[in-house]
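Dock chains B and C against chain A, hints included.
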Amino acid sequence: MKPAVAISGNAGPKVRSDCEITLELKGSGGIVIDLTSKVKTLYGESIVNQVNDMLGFFGIKNAHVRINDSGALPFVISARLESAVKKITDTDLEYLPAFLPENNYSTTRDRFRFSRLYLPGNNPGLMINAGLHSADGIILDLEDSVAPDKKDEATILVRNALRQIDFCGAERMVRINQGERGISDLKQIIPHNVNLILIPKCESPDYIFVVEKEIEAITKKLKLKNQVFLMPIIESAIGVENAYAIAKSSENIVAMAIGLEDYTADLGVQRTAEGKESFYARTRLVVAAKAAGIQPIDSVFSDVSDMEALRATVLVSKSLGFEGMGCIHPRQIPVIREGFAPDEAEIEKSKQIVLAWDSAMKNGLGVVALGSKMIDPPVVARAQKTIDLAIRLGLIGRNWIQDISGENKL
Amino acid sequence: MKPAVAISGNAGPKVRSDCEITLELKGSGGIVIDLTSKVKTLYGESIVNQVNDMLGFFGIKNAHVRINDSGALPFVISARLESAVKKITDTDLEYLPAFLPENNYSTTRDRFRFSRLYLPGNNPGLMINAGLHSADGIILDLEDSVAPDKKDEATILVRNALRQIDFCGAERMVRINQGERGISDLKQIIPHNVNLILIPKCESPDYIFVVEKEIEAITKKLKLKNQVFLMPIIESAIGVENAYAIAKSSENIVAMAIGLEDYTADLGVQRTAEGKESFYARTRLVVAAKAAGIQPIDSVFSDVSDMEALRATVLVSKSLGFEGMGCIHPRQIPVIREGFAPDEAEIEKSKQIVLAWDSAMKNGLGVVALGSKMIDPPVVARAQKTIDLAIRLGLIGRNWIQDISGENKL
Amino acid sequence: MKPAVAISGNAGPKVRSDCEITLELKGSGGIVIDLTSKVKTLYGESIVNQVNDMLGFFGIKNAHVRINDSGALPFVISARLESAVKKITDTDLEYLPAFLPENNYSTTRDRFRFSRLYLPGNNPGLMINAGLHSADGIILDLEDSVAPDKKDEATILVRNALRQIDFCGAERMVRINQGERGISDLKQIIPHNVNLILIPKCESPDYIFVVEKEIEAITKKLKLKNQVFLMPIIESAIGVENAYAIAKSSENIVAMAIGLEDYTADLGVQRTAEGKESFYARTRLVVAAKAAGIQPIDSVFSDVSDMEALRATVLVSKSLGFEGMGCIHPRQIPVIREGFAPDEAEIEKSKQIVLAWDSAMKNGLGVVALGSKMIDPPVVARAQKTIDLAIRLGLIGRNWIQDISGENKL
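So the sequences go chain by chain: A, B and C. This note's numbering applies: residue 1 is where the first sequence begins, and numbers increase by one. This note's numbering applies: residue 1 is where the second sequence begins, and numbers increase by one. This note's numbering applies: residue 1 is where the third sequence begins, and numbers increase by one.
Chain A with its partners taken away, still in its complex shape:
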C-alpha cells in the first residue's frame, strides 16, 4: 500500500533553482498549500495556480501541499509535484511541460564529441545554464550521480529538462542506469528527443541489443523521427574483453567511452596520474572503437581545479587516439576542446587533401593521389571534417581556399 505522505525534491542552504514538496493526501478539506519562497511576492500566485492545476490534472481533490522553494522554475516544480503524486497514487499520467521547438534538432554520426558535460540528474540548478558552456554534448545523468532513492524523481526531472531547457545545439545525451532500471528509463526519456544514450558499465553486446530493441519499440510506437545514437561506457575487465564485440554490435553506436574510476575499482588497483594500470585497457579500447568505425572517448578527469594536469591528460588522450573526454565541471570544457582540436600540421595536411580532391574533381579524374598515396572518399571526408572544425574553432577562415589561391597568384 502506498503511503499517504510523500516528499520530493531538495531543500537546504546550498540548494538553488529547486524546491522540496511535501504532499499529504487528505480525506476532505480541499487543497491547502503552504508556500515558503524568497520569490513568493513575485511568483507565489503562479506557483499556487500551477499546483492547483496539476492536482486537478491528477484528480486529487483533498491534499495538504507544503512547498519549500529555492527559486524553482515551473518545469522543476511540476517535476517535483508529479514525483510526489506518483509516490502516493497509482497514476500513469504524465504532466508534460511544453517542448521548446528549438530543442527539436538531430545530430550526426560523425559530429565532434570532444567534450560532454555530466549533469547530475536530480540537480536542476546545474542544468539551467548548461547550454551556455559550448560543450559538444550535455549529459543528463540518471546513474551514478543520483542516489538510489532519488532515481524516480530524477527521471521525471530529466524528462522535463529535455522539454524545457535550451541546450543551445549541444548533443542531448542521457546516461541511463544499468540493467532493467536502464531499460525502464528509456520509456520515460526517449520520447523527448534524446540524441544519444550513454550505457554505463557495458559488459557485452547483449545489453546493447536490449537497449536497441526498446528504443526501436518506443520510436515506432510514437512515430519519432530523430535518430537515437548510443555510446556504451566500458568500466570493467569484462567490458574490455568484449570491447570490440560491443563496439560493432549496433549501427547506432557512434562512440565508446572508458570509465576509469569503475574500471580501476574492478581491477582492484589505484588510479594513478601516469595511468600504467589502465594503459592496456585504454589502448585496446581505442583500437576496438577505430576498428568498428566509431569514436573512442576517454574517461573524465576528476580534479576539477587542476587545469594544467587536465591539459596534459588531454594531450596524452589525443596522442593515443581518443577523440573526446567527459567533463564534470564547465571550466574543463575549453581546455578539453582546445586539446582535442586539430593542430597546425593536421590542418595543413587536411587542406592539401581537400585541395587535391577538388582539383581532381574539376579535372574529371576518378582517382586522386597526394604524393604517391591514393586518396579515397573516407580520407577526404575526414579531412573535410578537420577543416570544418578548424573553421568553427576560428583556427582558419571560412574562405581558406580562396585565400590560398590568392597567395598563389601573387
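Some hints could be false.
One copy or two, either will do: identical chains are not told apart, so a pair holds if it fits within one copy or between any two.
Only pairs whose alpha carbons sit at most 30 Å apart, straight line, appear in this in silico DSS-like list of lysine-lysine [claimed, not checked]:
hint	residue 1	residue 2
1	276	248
2	26	38
3	86	351
4	38	187
5	151	362
6	213	362
7	248	221
8	248	213
9	351	151
Everything labelled a hint here was simulated from the structure, so no lab data went into it. In this text the structure is predicted, and so the values were computed from the model without any measurement.
For chains B and C alone, kept in the frame of chain A given last:
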C-alpha cells in the same frame, strides 16, 4: 625387459633428509641390507625393519639393498624404495604412509594467494619445514624443477609428502607436468588431498577440459570430498592469445598465473627488469583473469638475494592488478605478503563500505549507497575480505567496528 | 575506345636506367623511330632492332615511336614499349625477356627476414643493383610507391625485373595492391618465381583466402614448383583486432608486418619516436604472430639519414620480439641486420642446447635436459638457426663444435 638393478633418490655432500637406494634383485640369498648413515646408531634398526617390511609388501624375497642415508624420514625412505622397486618390477601396488589427519583441510575459491612457495618435487630436504614459512600456498613441483629421468621418483615422493608433511594450513598445490605425463601425474596425486593443481604452459581450454575430466573421474571413483581447484600458468604467446578463453573454461579455475621465463623464451626476447617486453602479456592476463572472476598471479622473481628489487616488483605487480606471485625461496614470502597486503586507503574504504552495509541492513534497507555509489553484495564481500585480511595481518584489530563506534561516542 | 597515342616510362634530369616511350599508331608509313639517348652510338642500333622486333610481335605495322632514353636496359625498354602498346591496343600477349636461371631459387619458411628492401615498382634505376646490398629480401612494390596512373606500367616492369635481375639470393618479394587490383597483380607476377607476396592493409582472413586461392589456381595451371609464401601487413585498427585470425589463416603465411604510417593515420594520431601510440598494436602483433608460429616484422623507419636513431629503434624492436624490419634505403640494411643478429648470450645458450642435444643423440637418449629444462626438437631447431646465422654473419666459426672440444681437451 626391466633391468635387475635400480637406483633411486639422491646422495652427496649437499643432500639432506634424503637417501639413495640401490636395489638389486637376486635369485637367492634372501634380503641383504647395507646401510650407510650418520644416524645409524639411532635409526639403523628401524630403517632395516622398514625396508624388510616393504620388500615383503612387494613380494621381493631375494635382493641386495644398499642405502646411502642423509637423514631421510621414513616416508622418504619408503618413496625411494618404492621407486626402485617399480623400476625393476611390474608392480602396481602403492606403499602408502599414513595420512596426517591435520592435512585433511579444504580451501576456498576466494582465499588469498599472495605467495606460493615452489618446492622441487624430488628434494625432500626443502619440503619438510616448508609449512613454517606462512606462505599462502605450497607447491610440490613435478615439472621444470625435476629432471626428466627423476619424474617417476618425484611423483612418489610428492605423494608421500602430501600424506606425511604438515603444511600448516597453506593451500596444498601440485604443479603437474605438461601433456599426457601431466594427466598421469593426476592419478597418483589427486587421491591425497591436493587443494589446487597448477597447469604449466597452458595453451588452450582443451587441456583444461582433459585435466578436469581426469580429476572428476578420480574423485568420483574414490568418492573424494575435497574440491580440487585449478590454476593454469600462461607461458607462451598462444597462451596469451587464449588467456580469456582459458580463464573462463572451468568453474574450478580460481587463479591464472603468468610464467615470464618461458614466455620471454617463446617470444625470443630477453627478460628485463623494466619488463616492457612482457607488459602487453601481463596486462592482458590481468584483464582476462578479472573478466573471468579469477585471481591474476604474477611470475616468480628470480634473484633470491635482492629483496629491494623484489619489493619494487611486487608493488608494480599489485599496481597492475595482480593478486599474488610465486616464490622460489622462503625469504621472498614476507616481502610478497606485505607488498600485496591492502594498504591504509584500501582498508579505510573497505571499512566505510562494510559500515554502510551493516547500517543499511539494521535499518531494513534493500539498497545501500556510499556517497552517490550504489553498493551491491559483491562489493561488500570484497570489502569484507580486505577487512578479514587486514585483521589476519594484524593491520587492524578484530573489534574495529566497536573501536570506531566508541570514538564516535566521544 | 582506346587512344591512338600512349606514353610510358619516365624521363627527366633525375631519371636513370629508364626511358620514356611515346607510341603513336598510324594508318600507314611503316615504323618510324626517333631515339634520343646518350648511349645512342653504342646501343642505338640494338634499341631500334628491339623496338622493331617487338612491334612485329604485337602485330603493329605503322607507328611513330619516340624514345627518350636514360640508359635503359633491354628489359626496361621492352617493359615500357609493352605498356605503351597495351594502352592503345587490346592485346593480351606478353613479351617476356629470358628468365635468368640463377633466379630460379626457393626460400624456406624459417629463413631469417631481418631486412627487406622496398623498391618502387616503377623505378628501374633502383632495382638493378639492389641484390648487392645483402638484404634478406627485395620487395618490388606495386602499391604505395607507385602512382595510381603508373600501376599498369609498374606491373610489367616488375614482371620483367623478376625475370632479368639477379637478386643474389635475396628472398624475391612483391607487394601487391589492395583489393581486386592486388588479385590481378598476382596473375602477372606469380608465374615469374616470386618467393613471397606482401599483402598490404590486410584487415581480415577473407582477403588472405582470396589471394591464396588465386595463387593456387595460377601455380596449378602453370604447373609451377616453387612455393609462394605470404606476409600480410597490418596497417589499421581493424587489422590489429584481427591480427591473430589473419596470422593463422593460411599455412603459407610465414611472417606478419606492421605498417605504422598507415596505422597511425587510421588512428588519427601522430607517429612519435617513443611510439606510445602504437605500443599496444605492436606488442599485440608480436604475440599474434608468435602464437601462430610466424615471424613478427616491424615497420620501416622513415628517416633514412639518422643511423643512430635507426639503431636504437631496431634494438627496441628486437627487445619486443620483432624479427625484422623493412628498409627504404640500402644504407639501413647493415644496421638492421646487425641489430637483429643474435647477441653473445643468445649464441652461447644456443651452443649449449645444440651440444646437449648432439651428446644425447650420440648416447641414444630419447629425452634431453639442459639443467632442469627439457629440450625438445623445436628448441633445438631454433638454437641451430641461431648458430647458422651466427656463422653466416661471421660471429662464430663454422667449426665451433670442434673448437670447443679442442678447448675442453686442453
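Hint-by-hint comparison with the structure:
no., hint, result
1, 276 / 248, "both (27 Å within a copy, 25 Å between copies)"
2, 26 / 38, "within (28 Å within a copy, 99 Å between copies)"
3, 86 / 351, "neither (57 Å within a copy, 36 Å between copies)"
4, 38 / 187, "neither (36 Å within a copy, 82 Å between copies)"
5, 151 / 362, "between (58 Å within a copy, 23 Å between copies)"
6, 213 / 362, "neither (45 Å within a copy, 40 Å between copies)"
7, 248 / 221, "within (26 Å within a copy, 41 Å between copies)"
8, 248 / 213, "both (16 Å within a copy, 29 Å between copies)"
9, 351 / 151, "between (49 Å within a copy, 26 Å between copies)"
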